[in-house]
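Visitor: Sequence:
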Amino acid sequence: MTCFEPESVGNLIEGLDFHKFYFEGVTNRVPKIHTTMLNPSVHILGDDGACIAYIRLTQYIDRNGEARSRRSEETRVWQKQNGRGWVCVHVHRTGAPSFVNTASLD
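The opening position of the sequence shown corresponds to residue 288 in my numbering, with each subsequent residue numbered one higher.
Honestly, the hints are just simulated from the structure, not real lab data. Treat each hint with caution, since some may be false.
Claimed, not checked - FRET-style restraints, in silico, Cβ to Cβ:
(1) Glu292 / Met324: 17 to 27 Å
(2) Gln368 / Lys319: 26 to 36 Å
(3) Asp304 / Arg350: 16 to 26 Å
(4) Arg350 / Val329: 35 to 45 Å
(5) Glu292 / Lys367: 33 to 43 Å
(6) Gly297 / Asn369: 36 to 46 Å
(7) Glu353 / Phe291: 35 to 45 Å
(8) Glu353 / Val376: 34 to 44 Å
(9) Tyr309 / Gly382: 14 to 24 Å
Just so you know, these numbers come straight off a predicted model, no measurement behind them. Built from N, CA and C at the ideal position, the CB exists for glycine as well.
Sequences and hints are given; from them, build the entire structure.
Guide: Have a look at this one:
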């Protein structure tokens with residue numbers, strides 16, 4: 288299944304995970320947040336570096352019980368470090384904040 292809808296904030300959604308949030312999250316009293324990564328693009332930078340860019344959709348239930356969506360664009364740079372494995376060494380994000388405090392949103 289694919290769809291464009293207001294909750295997807297102008298993005299094409301594939302599959303059912305995005306929709307399960309609305310069916311399962313609204314009936315649950317525990318604040319719930321669901322993140323979907325859209326269109327990930329990975330660039331390998333040699334043996335010890337990689338960069339990933341994607342659109343991040345964050346779904347949440349606000350304090351009034353309404354389902355909401357926020358969109359941001361993110362880029363993350365990863366470096367393979369001896370003894371630590373892959374470590375995120377840089378993040379760039381535009382758009383909405385990644386942290387959603389459901390108690391303070393309307």
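Visitor: All hints, please: hold or fail.
Guide: Hints versus structure:
A C-beta distance of roughly 18 Å is found between Glu292 and Met324, which places it inside the suggested range of 17 to 27 Å. Our hint of 26 to 36 Å for Gln368 and Lys319 holds, since their Cβ atoms are close to 34 Å apart. Between Asp304 and Arg350 the C-beta distance comes to about 24 Å, which sits within the given range of 16 to 26 Å. For the pair Arg350 and Val329, the beta carbons lie near 37 Å from each other, so the given range of 35 to 45 Å is met.
Taken as a hint, the range 33 to 43 Å holds for the pair Glu292 and Lys367, whose Cβ atoms sit roughly 39 Å apart. Between Gly297 and Asn369 the CB atoms are about 42 Å apart, so this pair conforms to the stated range of 36 to 46 Å. For Glu353 and Phe291, the hinted distance range of 35 to 45 Å is not satisfied, since their beta carbons lie about 20 Å from each other. Distance hint check: the CB atoms of Glu353 and Val376 are about 37 Å apart, consistent with the given range 34 to 44 Å.
At about 21 Å, the beta-carbon gap between Tyr309 and Gly382 stays in the expected band of 14 to 24 Å.
Hint 7 from the list above is the single one not met by this structure.
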